[in-house]
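Given the structure of chain H, go ahead and fit chain X onto it with the hints provided.
If you want the building blocks of each chain, they are given just below.
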Amino acid sequence: MSNKEWPLWEVFIRSKQGLNHKHVGSLRAADATLALENARDVYTRRSEGISIWVVESNYIHASDPSDADSFFEPSDTKVYRHPTFYEVPDGVKHM
Amino acid sequence: MKTMDLQELEKRFQEKIDKEIKIEPNDWMPDEYRKTLIRQISQHAHSEIVGMLPEGNWITRAPNLRRKAVLLAKVQDEAGHGLYLYSSVETLGADREATIDDLHSGKAKYSSIFNYPAVTWADIGTIGWLVDGAAIMNQVALCRCSYGPYARGMVKICKEESFHQRQGYESLVTLCNGTPEQKAMAQDAMNRFWWPALMMFGPSDDESPNSAQSMKWKIKRFSNDELRQSFVDATVPQAEILGLTIPDPNLKWNEATGHYDFSPINWDEFWQVVNGNGPCNKERIEARKKAKENGMWVREAATAYAAKRSMKKTA
Numbered sequence: 435m436s437n438k439e440w441p442l443w444e445v446f447i448r449s450k451q452g453l454n455h456k457h458v459g460s461l462r463a464a465d466a467t468l469a470l471e472n473a474r475d476v477y478t479r480r481s482e483g484i485s486i487w488v489v490e491s492n493y494i495h496a497s498d499p500s501d502a503d504s505f506f507e508p509s510d511t512k513v514y515r516h517p518t519f520y521e522v523p524d525g526v527k528h529m
Numbered sequence: 003m004k005t006m007d008l009q010e011l012e013k014r015f016q017e018k019i020d021k022e023i024k025i026e027p028n029d030w031m032p033d034e035y036r037k038t039l040i041r042q043i044s045q046h047a048h049s050e051i052v053g054m055l056p057e058g059n060w061i062t063r064a065p066n067l068r069r070k071a072v073l074l075a076k077v078q079d080e081a082g083h084g085l086y087l088y089s090s091v092e093t094l095g096a097d098r099e100a101t102i103d104d105l106h107s108g109k110a111k112y113s114s115i116f117n118y119p120a121v122t123w124a125d126i127g128t129i130g131w132l133v134d135g136a137a138i139m140n141q142v143a144l145c146r147c148s149y150g151p152y153a154r155g156m157v158k159i160c161k162e163e164s165f166h167q168r169q170g171y172e173s174l175v176t177l178c179n180g181t182p183e184q185k186a187m188a189q190d191a192m193n194r195f196w197w198p199a200l201m202m203f204g205p206s207d208d209e210s211p212n213s214a215q216s217m218k219w220k221i222k223r224f225s226n227d228e229l230r231q232s233f234v235d236a237t238v239p240q241a242e243i244l245g246l247t248i249p250d251p252n253l254k255w256n257e258a259t260g261h262y263d264f265s266p267i268n269w270d271e272f273w274q275v276v277n278g279n280g281p282c283n284k285e286r287i288e289a290r291k292k293a294k295e296n297g298m299w300v301r302e303a304a305t306a307y308a309a310k311r312s313m314k315k316t317a
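Sequences listed follow chains H and X, in order. Going by my numbering, the first residue of the first sequence is number 435, and it counts up by one from there. Going by my numbering, the first residue of the second sequence is number 3, and it counts up by one from there.
Since the hints were derived computationally from the structure, they do not count as laboratory data. Fair warning: this is a prediction, and the values are worked out from it, not measured in the lab. Be aware that one or more of the hints could be misleading.
Said to hold, decoys possible - Think about it this way: if two alpha-carbon atoms lie no more than 30 Å apart in a straight line, the pair counts; the simulated BS3-like pairs of lysine-lysine are:
| id | chain 1 | residue 1 | chain 2 | residue 2 |
| --- | --- | --- | --- | --- |
| 1 | H | LYS456 | X | LYS161 |
| 2 | X | LYS185 | X | LYS24 |
| 3 | X | LYS294 | H | LYS438 |
For reference, chain H alone in the conformation it holds in the complex (with noise of 0.2 Å):
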């Protein structure tokens, strides 16, 4: 046992009551209570945050950065998705 590794847990955090939780990095800890109070200690030192997130990484599932040109092709040939696609007569006001 002595030679396994913790596991990795990346880390979110909510900086204030309004916004939405960040990935800030990860770390490596035994359980979820201990990333927890280790993320706090490492990336909240100075007020960073009021929540904290902490996922073990295995549980992230990522998309191909290799299939992306294809993966997001769907979006990328949407223009009309804007509403700068669409023309508005001069004079029409808060559209």
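Same frame as chain H, but now just chain X:
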């Protein structure tokens, strides 16, 4: 994509770098880029951790409670910086424990400055001012490194380092305005740390064979000599305000270049220290090994406790 040949991949990689697009952990990268970063970031991490030792030695001897609290906070920051960097090196697929074992076996290096002892209280102020000052000069440049996790770690570290440098300088201002003995102590610390601080930027450009590739990959943004010159230019006026003399008879302002000229560096000393023959090399590595061995039971206990709790949950 899967069948793309190596040359094409390398070409695309360099195009991204040239366009200032950051490289992220899962992106394709040349093996040599990965290896260079693993070496550089792990050695940077080791420097943060070993760097806690000379200062940690003074926590119980700080002259008052304010200085003690400040020093404690600074040393704690260094531990945090080590952790950001070890995490960053893990994103490259490196095994954290293996990189630490490389430090303990002597295979991996760390900043040679930490092989010098901190023998007086003035050394603590001087380390904050000069050593952290030199580190900031390096690290500010690394905030724009092409590898995303390293660059982001550096941004966080630089924010914290500036407190380190200021607290050191403030401590020296106090000593330099104190008794003649205190001022002499500050000058003595300056005499011992000036040259090792200049050596922190590494060998001269013409003796630094990997620099060109690192610059091309934008791991490095400025050469060792450029950073060293910036440090000298920034530091000389600060020494003047303290009323301390820089231990270099050839140091003088050069109107033509707009920089300070200074004597050549004693590279024999630098290589001696890098290769293990500095005043504290053995002591530093022994301290790190002991920390790992003596802390092992805590790590094992935490692992056992976590296992027991998860068993209870599933039962």
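(message) Run through the hints listed earlier and report the numbers of any the structure violates, in increasing order.
(response) The structure conflicts with hint 2 only, although it agrees with all the remaining ones.
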